[in-house]
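Using the sequences and the accompanying hints, generate a full structural model.
4 protein chains.
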Amino acid sequence: MFGNTFGRLFRVTTCGESYGGGLAVIADGVPAGIRLTNEMIQEELDKRKPGQSELDSPRKEADIAKIFAGIGQEGLTTGAPVGIIVHNVDMHAIHVEQYRKVKHLFRPGHAEYTFFVKYGEHYDWCGAGRASGRETVGRVAGGAVAKQVLLRENIEVLAYVKESFGIKARDMGFDEVKKNYRKNPLNCPDLAAAEKMIAKILKIKEEGDTCGGVVEIIARGVPAGLGEPVFDKLSATIAHGLMSIGAVKGVEIGAGFGVARLKGSECNDPPYIKNGQIRFRTNNAGGFLGGITNGEDLVIRMAVKPTPTISIAQDSIDKSTMKEERLAAITRRDVTICPRIYPVAEAMVRIAVLDALFMWKGWEALQKKS
Amino acid sequence: MFGNTFGRLFRVTTCGESYGGGLAVIADGVPAGIRLTNEMIQEELDKRKPGQSELDSPRKEADIAKIFAGIGQEGLTTGAPVGIIVHNVDMHAIHVEQYRKVKHLFRPGHAEYTFFVKYGEHYDWCGAGRASGRETVGRVAGGAVAKQVLLRENIEVLAYVKESFGIKARDMGFDEVKKNYRKNPLNCPDLAAAEKMIAKILKIKEEGDTCGGVVEIIARGVPAGLGEPVFDKLSATIAHGLMSIGAVKGVEIGAGFGVARLKGSECNDPPYIKNGQIRFRTNNAGGFLGGITNGEDLVIRMAVKPTPTISIAQDSIDKSTMKEERLAAITRRDVTICPRIYPVAEAMVRIAVLDALFMWKGWEALQKKS
Amino acid sequence: MFGNTFGRLFRVTTCGESYGGGLAVIADGVPAGIRLTNEMIQEELDKRKPGQSELDSPRKEADIAKIFAGIGQEGLTTGAPVGIIVHNVDMHAIHVEQYRKVKHLFRPGHAEYTFFVKYGEHYDWCGAGRASGRETVGRVAGGAVAKQVLLRENIEVLAYVKESFGIKARDMGFDEVKKNYRKNPLNCPDLAAAEKMIAKILKIKEEGDTCGGVVEIIARGVPAGLGEPVFDKLSATIAHGLMSIGAVKGVEIGAGFGVARLKGSECNDPPYIKNGQIRFRTNNAGGFLGGITNGEDLVIRMAVKPTPTISIAQDSIDKSTMKEERLAAITRRDVTICPRIYPVAEAMVRIAVLDALFMWKGWEALQKKS
Amino acid sequence: MFGNTFGRLFRVTTCGESYGGGLAVIADGVPAGIRLTNEMIQEELDKRKPGQSELDSPRKEADIAKIFAGIGQEGLTTGAPVGIIVHNVDMHAIHVEQYRKVKHLFRPGHAEYTFFVKYGEHYDWCGAGRASGRETVGRVAGGAVAKQVLLRENIEVLAYVKESFGIKARDMGFDEVKKNYRKNPLNCPDLAAAEKMIAKILKIKEEGDTCGGVVEIIARGVPAGLGEPVFDKLSATIAHGLMSIGAVKGVEIGAGFGVARLKGSECNDPPYIKNGQIRFRTNNAGGFLGGITNGEDLVIRMAVKPTPTISIAQDSIDKSTMKEERLAAITRRDVTICPRIYPVAEAMVRIAVLDALFMWKGWEALQKKS
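Residue numbers (our numbering), protein chains in the order written: chain E, 1 to 370; chain W, 1 to 370; chain L, 1 to 370; chain C, 1 to 370.
What the hints contain is simulated information worked out from the structure, not anything from laboratory work.
No experiment lies behind these values; they were computed from the predicted model shown.
Treat the hints with caution; some may be incorrect.
It does not matter which identical chain is meant; a pair holds if it fits inside one copy or across any two.
Claimed, not checked - Straight-line distance between alpha carbons at most 30 Å, and here's what the computed DSSO-like set of lysine-lysine pairs gives:
hint : residue 1 : residue 2
1    : K49       : K263
2    : K183      : K196
3    : K66       : K49
4    : K179      : K200
5    : K103      : K49
6    : K368      : K200
7    : K200      : K323
8    : K168      : K263
9    : K168      : K47
10   : K49       : K205
11   : K319      : K47
12   : K323      : K203
13   : K323      : K47
Below you can see the structure in the form of structure tokens.
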């Protein structure tokens with residue numbers, strides 16, 4: 001497993017799993033002079049905390065972030081890598097035994113199987129280690145560091161639930177989204193659509209089933225010119241980051257897959273001049289031309305699959321005998337991961353944008369602002 | 001511009017543009033002992049040649065690939081990086097003058113604008129340099145090298161047009177696709193659908209407009225276990241590679257954005273045993289669990305936007321005056337890029353798969369086969 | 001500061017400083033199935049502990065290593081990144097105030113000045129943060145992980161003091177070095193020379209001065225074939241790793257700078273056959289031909305400068321006034337860093353060798369041994 | 001072979017060997033707006049041309065550099081990667097046959113053996129491919145691109161022969177070196193010492209033997225603050241680059257290995273104020289503190305081993321029979337590589353310095369100067 005680092009100049013390296021001592025992130029490339037507190041990290045981590053509503057797993061995770069490196073005596077960053085750790089709370093033994101009982105059976109739709117193929121019998125069967133959503137603690141903590149640097153540059157990134165099991169939120173601009181997106185447990189700023197979504201989700205929950213959805217990310221204030229052609233376009237590194245989140249099966253930008261049904265004359269965003277700046281009348285491009293930012297809002301969506309763990313018995317394989325078996329219902333899980341995955345999406349986009357900004361501005365310029 | 005390298009252990013670095021001396025690729029990480037000829041590279045390059053049908057730009061590109069490095073006296077690779085160059089054919093002067101005349105006007109939907117923002121007035125306005133589709137010559141040549149290594153491992157990758165302006169090909173397995181996908185100029189193996197697509201495209205062409213579509217890539221024979229969690233999952237590096245292709249606005253895997261409308265009980269692919277191996281009854285996962293290959297065919301789709309250059313006048317900006325202007329019709333271009341972009345998709349997936357295979361197997365094992 | 005990661009496939013990322021919460025390392029690329037305990041890490045960390053003899057700083061660092069990630073329920077690695085943290089012990093306040101008092105004066109020969117230039121006034125003046133030798137805790141912990149993987153492959157790496165203020169140890173083979181190198185506080189296996197070195201060092205200590213030396217690293221059991229031409233030769237990545245250690249001003253391999261005084265007929269190591277294998281009668285090459293290992297012991301030396309902190313007043317600059325000042329004597333420091341830097345050298349060579357081994361063997365082969 | 005790229009933001013990727021079609025470099029990360037001509041590249045390549053004096057191999061290499069990518073219609077860089085190719089001149093067949101006759105015998109001291117181990121029987125035995133000094137054509141061409149960017153920043157890098165078979169040039173400052181270093185075929189600015197060196201070298205040549213030496217590199221105008229702690233200090237990336245050059249067995253900075261014989265009070269460079277800037281009275285540090293540049297000249301030396309090919313019969317191994325054999329005298333080679341390796345050293349230092357400068361300044365600032 002070599003792939004636990006994301007970014008080039010702003011670079012996040014993570015480790016940790018559900019049933020070890022804790023999870024950590026090292027964020028490298030943080031300019032000196034930025035105020036960074038445990039509370040700033042905690043605010044982001046709390047967004048992905050389970051048990052916040054009846055949509056989530058009832059599991060309790062009291063994730064307390066502690067910055068242990070990279071902060072000077074005045075509480076500001078020093079230019080050194082920032083280290084953050086989240087200790088796992090105990091009550092271990094019971095859960096380990098629960099996992100041990102079923103560790104011979106692969107859960108359908110779960111990465112446990114491929115981890116077994118790749119890492120062999122010593123893979124982490126207990127909560128499935130790095131294949132668990134718990135892995136994203138490190139991403140979110142790293143993204144919280146990026147957030148503070150981006151805020152100094154007036155760049156804001158937010159993510160929200162755009163679609164849930166076929167019900168779509170209407171299209172809204174950045175300001176309306178920002179105003180409303182935290183107003184319900186689903187994190188959907190179209191409050192009317194959210195009600196319908198939640199009713200539908202609860203019905204699926206009653207069936208013992210799960211569902212997925214679409215999360216949209218909007219970034220405002222990103223300057224034109226970010227991204228490195230031809231392979232490291234910012235659109236490509238963002239797609240890399242988002243597709244690396246467990247459960248994500250698709251990423252699209254601007255009009256996305258809709259471009260397959262547009263004519264060129266419809267798809268091209270007409271440019272015009274506003275306050276002496278070039279702007280675009282529409283945003284089918286989602287803020288990117290040739291993978292380089294064009295000054296408009298970045299608009300990106302990702303498809304999130306239904307939680308694979310369900311309360312319905314399924315076909316499985318017993319890995320010790322290599323025989324087909326049935327896996328009984330499992331009851332504790334999120335009926336939909338969407339309302340907990342959005343802060344992860346925010347984190348990945350923040351990291352990718354900051355990384356690209358570094359290439360453009362350099363260390364000296366980003367630091368001078370302090 | 002720092003982003004002209006893709007891959008980590010099998011690594012492709014490209015350069016070149018339409019109106020310089022030529023385009024080149026350096027493919028690093030090629031095991032010794034593989035037969036590699038100019039013809040093998042040419043075969044792939046010819047797939048992206050324009051002027052093959054009435055769907056393409058009438059421009060003629062006699063792209064002749066020449067391997068100039070990395071091949072020993074017996075015609076086999078030596079373990080050294082393989083260098084391939086494609087010289088641009090002449091008739092330069094006329095085109096340069098054509099471009100010079102309109103270089104003050106940004107073409108809507110084109111990356112020229114962001115290249116100007118990023119690189120300033122010295123950006124390559126002549127054919128727009130690396131923002132031109134011609135850049136993909138290097139990708140395709142690099143992918144042709146990867147193809148030969150993958151063939152020794154019995155890994156096949158093919159791409160075809162799945163959807164064109166709203167008309168979809170029916171779902172087909174690898175074998176049927178392979179048999180039929182080169183039978184029409186659109187590279188669509190559903191021959192009946194292809195006819196409708198072509199009729200529609202020609203109609204759009206008459207209107208002076210353009211259209212996009214969806215390209216699907218299938219990879220067969222990819223062993224289970226490839227991809228590096230958590231950030232460098234193979235699904236993520238493939239998304240990176242495909243999204244880096246100009247005109248691509250979305251990437252999805254398996255059921256893709258369709259997962260947003262599936263329940264967990266529908267989306268999970270039930271495992272079973274076939275010849276002592278674990279297989280899956282469906283492939284909503286598109287061959288990936290947790291971003292690691294699961295032994296099934298990889299199934300990936302990308303959304304391709306309509307060619308931005310159209311034969312209809314559009315709003316534009318004069319960059320020298322920063323005033324709004326009209327850009328007159330431009331006549332020479334592909335009505336749809338889909339039938340020429342599929343070899344680029346094949347190339348990117350091949351490079352990403354071979355790169356992941358190297359991490360898994362190591363240099364010694366991949367080379368021993370020779 | 002973006003440079004806190006070393007290695008490509010086996011990759012170590014570190015953070016932490018003297019006066020924050022602690023220091024940590026994330027070691028990525030660890031195969032599953034390896035037994036790894038806190039004690040194994042501790043053993044290496046203890047080698048660099050100060051206060052072990054009158055040669056070292058009297059400062060006490062009770063560095064307790066704790067693995068918090070990457071280990072499964074059976075105490076074996078899982079293939080996930082290994083996280084290790086070393087908490088800083090308290091008694092902070094006093095030292096912080098000591099540093100605060102002199103923070104306006106640059107210490108000659110110390111990196112504090114360049115850190116100030118690079119990171120500005122918010123650089124970590126308290127113990128000088130990442131410019132302190134304390135930074136190497138993370139390197140040594142990461143190297144301890146590499147050590148366990150290498151031991152399974154029968155690769156041993158050891159480092160010792162070869163020269164101290166002009167007194168040289170005689171040349172010895174791997175076995176004699178291994179037998180004796182931990183027998184004195186200087187870590188010099190030539191026991192007679194060590195006595196003279198120590199006497200000399202103590203005399204310099206009395207003068208309030210400091211001195212440097214040369215550390216030699218020998219690696220046994222490294223298979224032929226490691227290293228990636230032309231830029232990532234193993235000799236080059238090792239030089240990178242060693243030169244990145246604070247206080248190191250030179251790296252040489254085999255005959256090293258001595259080659260400048262050899263003829264080709266003397267410098268070439270004559271090959272012969274031993275047990276059907278090609279071996280070399282001499283080892284001027286230090287185990288490398290063309291930067292690729294040739295099967296002989298790797299022999300590498302690095303030059304270590306005298307500790308810059310001395311008990312003699314020196315010229316300095318007051319950074320707040322930009323005026324020339326005198327910096328009074330500082331009493332607490334190592335008179336020579338050599339006996340504490342050797343485990344860092346071992347760590348860097350282990351990381352570089354394991355990284356190259358991964359490229360050669362691949363993940364699958366290295367893991368299978370478990 | 002994956003290691004054919006050097007640098008991170010300014011990045012050079014090379015390919016090619018003696019008996020293929022040619023050698024090439026792709027230089028990525030070149031700001032737009034820089035004048036770059038074939039002549040500028042040629043000037044650097046000519047420095048490493050053989051046959052310039054009786055010290056060199058009589059082989060003729062008419063290396064003509066041709067930039068084929070990355071230059072716009074006005075002759076300025078466009079921000080796209082710069083591609084440069086040097087075609088091999090013909091007369092192939094004769095040499096190939098000469099190599100074929102002796103390809104079963106390993107040349108002592110030559111990388112051919114390890115290339116055989118690594119790449120197997122299909123390694124490039126004809127001139128030994130990438131293990132040949134001819135590989136450096138790509139490095140020098142890439143360094144020539146870096147040179148033009150650095151000149152705009154008033155950074156000058158030069159290398160010269162400091163020592164040859166035990167005869168040392170006296171210490172000289174940058175200006176004296178610059179004035180005299182190209183005045184003799186050895187490239188040694190101490191004209192008196194050079195005479196003695198040349199006499200000695202010619203005597204060794206008569207014996208049929210070869211010799212090595214030491215090359216010193218000085219860089220003037222490098223701003224303070226470059227280099228990324230803790231692993232990617234500029235001193236470390238330069239050591240990486242220089243040690244990757246074939247025949248180099250050691251790298252040292254400032255006082256180098258001499259620090260082992262200095263006391264702290266002698267080794268520390270006393271700071272003072274000159275024109276409001278901090279400067280240092282001596283330069284034992286060689287321009288680096290903590291691996292970050294301190295504003296003084298960079299002073300770096302590398303040890304160059306004697307050419308392994310000699311006119312004296314030596315022990316060898318027949319690789320087809322794995323029996324010990326004698327290898328007869330070979331007559332055509334450089335008696336010392338020093339006068340041809342110095343431009344390679346210049347190139348590597350330029351690339352590493354520019355790469356570090358990019359991280360510090362960012363793309364935007366470096367480009368604006370144009």
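Consistency of the hints with the structure:
no. : hint           : in the structure
1   : K49 with K263  : between (43 Å within a copy, 23 Å between copies)
2   : K183 with K196 : within (15 Å within a copy, 47 Å between copies)
3   : K66 with K49   : both (16 Å within a copy, 26 Å between copies)
4   : K179 with K200 : within (24 Å within a copy, 43 Å between copies)
5   : K103 with K49  : within (26 Å within a copy, 42 Å between copies)
6   : K368 with K200 : neither (50 Å within a copy, 48 Å between copies)
7   : K200 with K323 : neither (36 Å within a copy, 51 Å between copies)
8   : K168 with K263 : both (24 Å within a copy, 16 Å between copies)
9   : K168 with K47  : within (22 Å within a copy, 40 Å between copies)
10  : K49 with K205  : within (19 Å within a copy, 53 Å between copies)
11  : K319 with K47  : neither (36 Å within a copy, 44 Å between copies)
12  : K323 with K203 : neither (34 Å within a copy, 56 Å between copies)
13  : K323 with K47  : neither (41 Å within a copy, 45 Å between copies)
Checked against the numbered hints above, the structure breaks hints 6, 7, 11, 12, 13 and satisfies the rest.
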